[in-house]
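Peer 1: Heads up: the protein sequence lines correspond to chains A and B, in order.
So the mapping is simple: the numbering used here equals the position in the first sequence, first residue as 1, plus 6.
So the mapping is simple: the numbering used here equals the position in the second sequence, first residue as 1, plus 183.
These are computed hints drawn from the structure, not numbers from a lab.
Do not rely on the hints blindly, as some may be mistaken.
To be verified - So, partial list: chain A residues that the calculated Cβ filter (under 7 Å) puts toward chain B: (1) Pro153; (2) Ala635; (3) Ala709; (4) Ile712; (5) Gly749; (6) Thr976; (7) Gln977; (8) Pro980.
The structure presented is a predicted model; accordingly, all values stated were derived computationally and were not measured.
Each residue gets a CB set at the ideal place from its N, CA and C atoms; glycine is no exception.
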Amino acid sequence: MKKRRELDFPDREDRKLNLSFKKMKLTLILTLLVFVSFGNGFSQVKLSVNFEKATIQEVMETIEKQTDFIFLYKDEIFDNNKRYSIDFENVAFEEVLNSVCNSAGVEYEIRNERQIILKEKIKTSSTVSVFQQRMVSGVVTDDEGQPLPGVTLVVKGTTNGTITDGEGRFQLEVPADAETLVFSFVGMEKQEVPIEEKSMFTVVMETATIGIEEVVAIGYGTQTRREVTGSISNVSEEDFNKGLNQDAVDLLKGKVAGLTITSGSGDITSDETIRLRGTSSLTGSSQPFIVIDGVPGMSLSSVAPQDIESISVLKDASAAAIYGSRSASGVILVTTKQGKYNQSLVEYDGYLAMSSVTNVPDVLTAQEWRDYTSANNINTEGLDLGANTDWFDEIMRTGISQNHNLSFSGGGVSSNYRASISYLDQQGVVKDNSLERYNARLTFNQKALDNKLNVTFIGAMTQRNYSPTDTRNFVLAYNMIPVVPVKFDDGTWFDTQEYDQGNPVRNIEFNKRDNKYSLYFGNINAELNLFEGFTASLRLHKQRETNDYGLFYDSDTERGRNDQGFAQRTFWTEDKKLLEATLNYEKSIDDHKLTALAGYSYEDNYYQNAGAQNRQFVTDFFGYNNLGAGENLRPSDVWSGKNMNKLVSFFGRVNYNYMMRYIVTLSLRQDGSSKFGANHKWATFPSVSAAWRINEESFMQSATFIDDLKLRVGYGVSGNQDGIDPYKSLQLYGTSGQYYDNGKWYRAYQISQNANPDLKWEETSMFNVGLDFNFWNSRINGTVEYYNKQTKDLLYTYQVPVPPFLYPDMLANVGSMSNKGVEFLLSGDIIRQRDFRWTASINMSHNKNKITDLSNDEFSTSSIKTGDAWIRGGSSNTTHIVEEGKEVGTFYGWLCYGLDGDGMYIMEDMIDGEEGLTNDDRTYIGSAQPKLTYGFSNIISYKNLELNFFFRGVYGNDLLNFSKMSYATTQWLPGANVLHDALTIGLSDNPKYSSFYIEKGSFLRLDNASLSYSFDVSGISEIQKLRVYVTGQNLFTITNYTGLDPEVEMDGLDPGVEGREYYPKSRTVSVGVNVSF
Amino acid sequence: MKRTKIFSLILVLSLSFIYQGCTDLEEEVYDKLPVDEFGQTTAQINSLIAPIYRTLKGVFPSNYFLLSECSSDMAITPTRKGGDWWDGGQFKELRLHTWTPNTSLVRGSYNSAMESISSCNKIYSMIEENQSIENKDVILAEIRGVRAFWYFMLLDYYGNVPIVTDFNDTSKPSTNSRKEVYEFVLSELNAIKDVVRDDVTAASYGKITKGVVYTLLAKMYLNSMVWNPDGGSKWQECINACNEVMALDYVIEPSFKTSFVVQNQNSKEIIFPIVFSTADGGNHIHKRTLHYLDPIPLNLNVGTWNGVSAMPEYVRAYDDADKRVDWSFLTGPMYDTNGEILITAHGRELIHTIDIEIKYNLDEDGWGQVEQEEGARCSKWEFENGLNGDMENDMAIFRLADVYLMKAEALVRLGQDNAEATRLVNVLRRRAFDSDEKLLSSVTLEDIYQERRYELAWEISARQDMIRFGTFLDEIPGWKPESNEDRLLFPIPQSALDANPNLDQNPGY
């Protein structure tokens, strides 16, 4: 998953192909490239080489293998008949190189500390020409103005030429009648310059995109961007979101077409909803599967954002099917940074951030409350205590956060390492909401057995101490009237026991909900090169996650007063073991290239938990630290549990390409899961995809402005088993409360569920077609894609007849659903100048979800009415419907035309054909699914200054303004506070869930803007990089939605609701520094 | 190259080992029990039988309690000012007899009965197959007794329901007629009446006993003209069944309260209780009925919901001297710890009036909101001082007072021995009044109807009684018009019809 910007010379064949001067007798030679990372002190590298009668190519190849260097040269410079015998034992690389080059009669040159170029020894220009000669000279630079050494230039139509020196300068004698100079350099566009009468030339070489290859993680391997046949988006570090970010998905927000990441709450400890190409499950999660450094099923919090190098998103089933029964919602592959050869780097990245709430509920102020009560002649004696309290203000704050990341990396010939420590301390804008996280990570890579064995060790640790907010306090802050104080003058707390009331400040002050989460793992990956092109690898991973949760409700607070103090402690541990073995084979014959992968994977997960709680404490001193001190322990107050699941898989993949023009990938995975029912233990997931690189066709050669044009088509099947908890297919006894027998209570046991031995995965098959294009040296590039995703065997808990069944519901695979959509990505350089560059990128996606079936022979339902419009006095209202032909997230309720003169709803009551409003008059009143999701990012750089800003938004969705439904009514007054809207709307009816509260949810948000300045440190040898930046997040939002924030929870079957316990979002400004030594 | 070969050999070997060893996908179970590993010892068997009794918790004070009391003229869950207890209109539906197959209480009550029956069937088949149980016929009879109780409830509330007795038959059952259900319950009760235990002791408390079975039989016979009119009246059979119960060791407790106090398991008047404990939850009548601020004067540590109240006319019908008014209803002003009257969030004094007046947001049916504090609350089950959580008090589904009144009613209906009937009624009235002046000299059917109402308020009896006495469909002035005859049965919930197409809906829905 790393996106390395590589100069593309994957193998020798290509190298030859790209040197177009083959037949010319050059006096000089070309060069080329390299890449890999490399550093200054290569003379310290030692190696051993032993040869008898080898060709120089063999020698060079051996050195390459031992050192990771790739020499670049043209074959002709060596005499193929010459044989060399060499014997070095642990000799410095430089010495070996000198010696070999001397014997072979070539020179070498190190360019940019990164390249080694082999060339024939330059002969002084002693060629006697019969023609009259003249001298030209000049300098060649890249498009950033850096001099380019090693650029080849020849007089067009001749073999007469030279290469530029270390400063990019050249001198050449040309015939008097020469007209054009041809400049070429690998990775750059070839350029023809007319000579005319000039003798001095300044030539700027443009980067050739075709030569720059992104390396993309594809699951159990990598591919170059050109080889990819599936739908894969890759985002690398420079494109990550800036500012206060907790994990990998924060970095991606809005960047990938089709990937929507929604924060349903401002709570900094809550997870985001991640959806790729729509919802594809009714029961389980539709969350993409997370793979970090090749380890499947990892937690996003296990890696600090600063340790991430790149993230690949496998969007279609042909790409994701290699992950089988867990990949139906797509796969996110995270690659972390590693140490580089011959580099010694210490890097520090830190920022300080301030968050403040963007919007708080507009409830009545004390003055408004008093105006209302006096205008309505309400007796407020006993209610109005003369205070002026803004309850939301009392529970909120400006959150201060800080983040520090320190990393050390380096490497030698046979090993490299990277170690990092991160610390994040984040405060939510509500006073009880905080998070503290430590990440430590060590990656160590060692080669052995003549470099045939490559072992990588990764060890990491995460500790997260966090306190989620108690959203109950929002309800209290809504309801508490503004004319009562937080505390009386004598310092005692004000409190009340009225319905949904109590002092939220007191709750926050005294109550605790603390989590201590840890994750640590060790991971060894050994790759053994068995013979040419054939690699076997083995990965072992062992991981433990634990969480320790302490909950305490003080006896005087609203939360704890009924129990006279309540304390709880819960603890869980999850152990994961993973073994993966793969075999890789790679073979190129002429224009054919074949890559094959076969693998086996075994994974088991063991989960256990324990907990206890107690109540009625005579003192609040202990908090949750002395449960035994409580005086009201009940039998259900202690518990423990354990479960496990296992997954065994076999998988394989074959990739074939012909001339990099036609590419085919086939993959197959077979998954066996312990969670599946006895009748369906094994699942098979095939996929096929193909790509046609149209620009490689001969008929396209004239269209030189096209750098790349690729058509991709894929089809694959993937699964989702997330909706199945362990043991769901079995008939088991569980404890079931207590029973009374002769004066005593005993444990009762009961069959705990309807067993379904047919239980299996949800199956998604997806067709995907995409076109990648890249024009005018990457000036414009992008992708257009269409997909059709069909999910069947959807898991849902169905109503079954009781009897014969024991319970009225049972989990079964029944329904089907479709998601179809288009995605569009366009990016390019609007301005591309030496000092001034503006790169912009826009992505858009449209997805249409539709339930196609909810019934089969055995299980049937006409519709599922779901969601809970619970408002005070309205408990059995549902908000959404899941129905055949409709999309998930369809709002279902009464259609309201507004309010009449008396403040009563005007509802459509004829939907059932009869007058009178009944439940049968409910209808479809909106959809939470947007028609369009988009992101627009910009990077503008001027010299050392860079401005980065990023908009994102959705269009065409509906939202339920739940808090308006709950609190925009005067009927709670005077005893409970209401929204200011209550006074203006004029509602006198009981609040009822209807289209009255459905609003348009479209928004455009300036999500992120960052200004950074990189200091020129070329004069300071100790410092390699120094950058300072200021970033603003969630700066403004344009929307017609009248609630707090149009971006709300999108999870589950009832998305698009801003609940009555909604945690408002915040705006964050951070300043940071990034320095490396 | 040699080393390479060794490595590949090791790799191939280890791969084949992996294939052999790690394709085992059995689930290892830890905190639940595989069915074949349980039910060997007596303690285990007892713990498996126990859930048949736990299912009774669905009767009170939620599903059947609300269906019975709020559809009869006993109680109401009014929508309070501000909209509390509107609850999608389900309590308005109960009050106005406009419930539908989608009303959640209709669904919940049906499901709890059906789940209980399925649970009984499962436990029945398990005990039947278990070879290591000794007194199997008594245990099986006990399970059939609980199942018969649930079919008795279904017979009363839903009438036409499927009869299923074999857990291993997984076909979707069809509806049986009310007559078939009646005959089924009767035959089940007759089959077990002399098999089940007959002791009235702490050991039999909360279990199916002879007393329970005969009380059930008495109710079956008493209501036979409603449930199985073709079978004719069964008054004498009812009397006989009552006599069987009265011959057992039950007594009319001298104190009415004995059957409703916290530790009411000591009451010998209780025939069939739902056994509750704070630890195991279930009895939340206090939450359902008390105002949010009532816990302050009552000294409870619990959040209450301000829901169900008595219908005003029901309370007003009591004689002023009848102590059962105070024993059953909480009325009057409520004071804080300083002796000052509490003020509600609507700025009103917290006084529980008997009267309930719909004042706000009236709709076309005359339904609307009442003041938060209005209505007499249920205080029949003593509130435990300092209570935190659910109530410990058991709820007697059947108690001896009910049997006395049943026998009296059957005697009067048969036109026999009015003196004995009067005596039975007066036993209860003597307990309810301080003075013997309130004793009756002879009883009429109307007297017995009223006496049942005074005695059995909140005890899930009102609906059945009103139907038997023909008053259930009557207009309740100011509350509801006369309702259609099909309202004598609740509909089969839509969710059950959706899950099983072989079921038929009751007429009129």
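Peer 1: The structure should be examined with respect to each hint, and the outcome stated for every one.
Peer 2: The hints, checked one at a time:
no.: 1; hint: Pro153; verdict: 46 Å, violated
no.: 2; hint: Ala635; verdict: 16 Å, violated
no.: 3; hint: Ala709; verdict: 47 Å, violated
no.: 4; hint: Ile712; verdict: 44 Å, violated
no.: 5; hint: Gly749; verdict: 5 Å, holds
no.: 6; hint: Thr976; verdict: 10 Å, violated
no.: 7; hint: Gln977; verdict: 5 Å, holds
no.: 8; hint: Pro980; verdict: 6 Å, holds
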